[in-house]
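Use these hints to put chain C onto chain D, whose structure you have.
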Amino acid sequence: MTTFTFEVVVTLKPGLSDPAGKAVGSSLSALGWTNVTNAKVGKHIVLDVEAADEGAARAQVDDMATRLLSNPVIEDFRIVEVAAT
Amino acid sequence: MTAAVPRIGVVTFPGSLDDRDALRAVATMGGEPVSLWHAEHDLHGVDAVVLPGGFSYGDYLRAGAIAARAPLLDQVAAFAAVGGSVLGICNGFQILCEAGLLPGALIRNRSLRFICRIVTLRVETAQTAVTRGLTPGETLQMPMKHGEGQWVATPEQLADVEEDGLVVFRYSSGEGIVDDVHNPNGATNNIAGVRNAVGNVVGLMPHPEHAVDPDVGPTGGQALFASLLEAALEGSPA
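One line per chain: the protein sequences are D and C, in this order.
Every number in the numbering used here is 124 more than the matching position in the first sequence, counting from 1.
Every number in the numbering used here is 786 more than the matching position in the second sequence, counting from 1.
Simulated from the structure, these hints should not be mistaken for lab results.
Since we're looking at a predicted model, the values are computed, not measured.
According to the in silico footprint, chain C covers these stretches of chain D (three or more CB under 8 Å from chain C):
id : segment
1  : 143-150
2  : 191-204
Every beta carbon over 12 Å from chain D, so not counted as near; a handful from chain C, in silico:
id : residue
3  : 793
4  : 844
5  : 1016
The beta-carbon is built from N, C-alpha and C at its ideal position, and this holds for glycine as well.
One chain only, chain D, in its complex shape (with noise of 0.2 Å):
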């Protein structure tokens, strides 16, 4: 067995308020920074799963990122990083 560690982003959907966002980026604009256009608040999570193989523990991941990790009606979620120890 191999312990891959799995980086997954969740955001919310494009179009949807993100009213978290939104706060950050006028709070980055009172500090000076005018030039941010926009800012988008989401979820970072980290994960050490054991599998056999990396395609399996990946699969995996997936399933848990659909099923509990992000709520498909209102975000989206890409698995971003992979490292195996």
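Only chain C this time, still in chain D's reference frame:
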């Protein structure tokens, strides 16, 4: 012979706040309140289920996300599938959406603020377990208190919800006018509550269980609990 008293279960999750008020509202309206625990696999033969407000599991990940996967929710889903009446209030509404028993999702209020005040709701349909005693167009007053109550949906879901008459309550003025001025949290089309296709599962963000006692405020919640008790006795939705 005494009249039958419906047994209404109220589920307590770690972080539930309004379970006691919900139990009390059931008793006030003439039902028998039954406490249910999230980690059990048994509804104890209740005639209807209430998922109360609060911050189940700290609302980690998303409001209601973890509770929607709690052991008892399988039983609640099975109960709903055979026509049992289920009412989700505030966090309970979020849980029902997360569990896929109701359409849409609840995100942060448009203002980013936690809002606690009395709101007016316009009843949109009487075809539900909690509005069967009401008339569409009627208005009710009750408190809202939430930070994540902005109801949103995919374009397909929204079209279905509107076309199929699944909107149960909209935020409105006292005269029943639905507009942006009377939309406290930015909810799509002022939607405060929705139902499933059959009408036995209903969720809303405002709190009917805090609005049954005239000593402490408006009593817009009475009619919802009265309807739920009736539906529970019949064992089938409106």
